[in-house]
Amino acid sequence: MDLQALRVSLLLASATSFCLLILGVPLGYWLAFTRSRLRALVEPVVALPLVLPPTVLGFCVLLALGPRSPLGRTIEQMTGHTLVFTFEGLLLASILYSLPFAVQPFATAFAGVDIRLREAAFCLGASSLGTFFRVILPLSRRGVLAGVILSFAHTLGEFGVVLMVGGNIPGVTRTASIAIYDSVQALDYASAFRTSAVLVGLALVILAATSHLLGGLVLQGARRR
Amino acid sequence: MIDVWKAFPGGPSLRFELDLKTAGITVLYGPSGSGKTTLLRMIAGLDRPDRGRIDFGAATWFDGAARTNVPPQKRRVGYVTQEPALFPHLNVLDNAGFGVPAPDRPTRVPKMLILMGIADLAARFPHELSGGQKQRVALARAVAARPDVLLLDEPLSALDAAAREALRRDLARFLRAVSLPTVLVTHDRAEALALGDDVALLAEGRVLQQGPIADVFSRPASIEAARVVGVEAVVPARIVSRNEGLATLDASGTTLMAMDPGTEVSDVFACIRADEVILETGPAPTSARNRIAGSVTSIQAEGALVRVDIDCGFALAAFITRAALRELNLAPGSKVSAMVKAPAVHLVPRDVAGPATR
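Residue numbers (our numbering), protein chains in the order written: chain A, 11 to 235; chain B, 146 to 503.
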């Protein structure tokens, strides 16, 4: 069993979920309530990772972060190295890859809050931000939790993106799913089996805990849109 | 002052012009589809008029020409809807305190709950409350935030009859206690008469008439207005004595008999429908308890019937047949007696208007 790879996987999934909570909540709020025409453009971009092959997404990120792209060059000038084949680069790719799994449950939950409750809060003097934190967020906590868990689980299972962007550096970018692939390639079925068993167990625990917390709403949160 | 236009794509276009009073209770009265709720939402700032302006006292809340549109947060309105929109994740105390600055909550909110008769429900959550209790919380919540005006959109109509009756009485006391200018939307005549000081009649997106409630209900200015209020005299009166289930009323000098409504309130509106008034010219014994002397002011044909308007200290209308008109030989100026049975004098208790708003 590759404990080091499991550690990288868990770290990556936690960091991705956390970043998506910070980034996805405002984005979900905007998607849920904006009247801007830009939404018609942003919505499909957010949903793109749902249908795009992970290798394509990984390839795009690889190109964008590479030393030949303007973005990659800027980062290289600022930090002294490129993000390709680093944990940070992998994190960035994971955030993009799991974006819809967080933002869509968030947006669905926010939009599902009765508009009369928002109007009541407005008439009671609460600002948009105050209404969000005092009314919308507390009433959307199931959807937010579902989004965080889904993006965590989704990141844990990613393979194609990691392979393209992360390379396969033990302890840095080598995740559990890649370790399993390597073990199978090396005909080390016993190691592959042990790592797989841990992942299966982890997935079951996550799903059981979530359905206990939410009353079986995890997949509904993702499916509703 | 309100003077606004609003059109709905493929729907009705509304054009409202009325005086937004800064004292007393103004009723927006009209059938469903007349635009009452939209008007109230435009006052609250939740719906935006296409053009026009809304002034409340010295403040301009909306001015289409100057592109002024004060958001609901800054208008300081207490808005209560038909279905009370309580925050489901907060208990009664926290719901009622939502619009109150945190330091003021311990002093202000419990008082409101007591005033609304729900102090013992403070720890309950909305799903544990009946419809009437929820509406009480919504009212307490709106008033606790110290609004400049209270906007009530059919606050009683979602309740069953018993809860509605109880809340109407308490609402009247509550409104008198807090003495806030109030705009009340309703299509319930008894509610309008029981609570209102002024009324604006609305129909098909227009204001037909606005004025003191008894005036507007007894003397609709147009056929459209009459259609909205029905033909019914609404006479301010006082109960001077009660005897054997009957109440004796003083209606600006005229004595009327009616059934005792059984409330302790003595200020009432006596309502008399035109089709329950019998006219006669000579003295004759009658079982009707009310024989009111007056003179005919106008006679108008209305369908198969004739409407006779009589001045008997207050305005009273009677529907009679053409044959009866010929037999009685009535003309404007004729002296007549109007007969009304005591049970046909419907009393609406007026426990709302304090001396300040009378």
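Be careful, since some hints might not be right.
Under the rule of at most 25 Å between Cα atoms (straight-line distance), these lysine to any residue pairs were calculated in the SDA-like manner [said to hold, decoys possible]:
1. B:219 x A:139
2. B:486 x B:433
3. B:219 x A:50
4. B:219 x A:45
5. B:219 x A:61
6. B:219 x B:177
7. B:219 x A:147
8. B:486 x B:467
9. B:166 x B:343
10. B:219 x B:162
11. B:256 x A:127
12. B:219 x A:126
13. B:219 x A:137
14. B:219 x A:211
15. B:219 x A:40
16. B:486 x B:458
17. B:219 x A:140
18. B:219 x A:44
Coverage of chain B stretches by chain A, computed from C-beta distances (three or more under 8 Å per stretch; other residues unrestricted) [stated by the list, open to error]:
19. 207 to 219
20. 454 to 461
None of these hints come from the bench; they were simulated from the model.
Idealized CB from N, CA, C, for every residue including glycine.
Do the hints match the structure? See the list:
no.	hint	in the structure
1	B:219 x A:139	holds, 15 Å
2	B:486 x B:433	holds, 4 Å
3	B:219 x A:50	violated, 32 Å
4	B:219 x A:45	holds, 22 Å
5	B:219 x A:61	violated, 45 Å
6	B:219 x B:177	violated, 29 Å
7	B:219 x A:147	holds, 23 Å
8	B:486 x B:467	holds, 22 Å
9	B:166 x B:343	holds, 9 Å
10	B:219 x B:162	holds, 23 Å
11	B:256 x A:127	holds, 24 Å
12	B:219 x A:126	holds, 18 Å
13	B:219 x A:137	holds, 10 Å
14	B:219 x A:211	violated, 54 Å
15	B:219 x A:40	holds, 23 Å
16	B:486 x B:458	holds, 18 Å
17	B:219 x A:140	holds, 14 Å
18	B:219 x A:44	holds, 21 Å
19	207 to 219	holds (count 3)
20	454 to 461	violated (count 0)
In summary, the structure is inconsistent with hints 3, 5, 6, 14 and 20 from the numbered list given earlier, while agreeing with the others.
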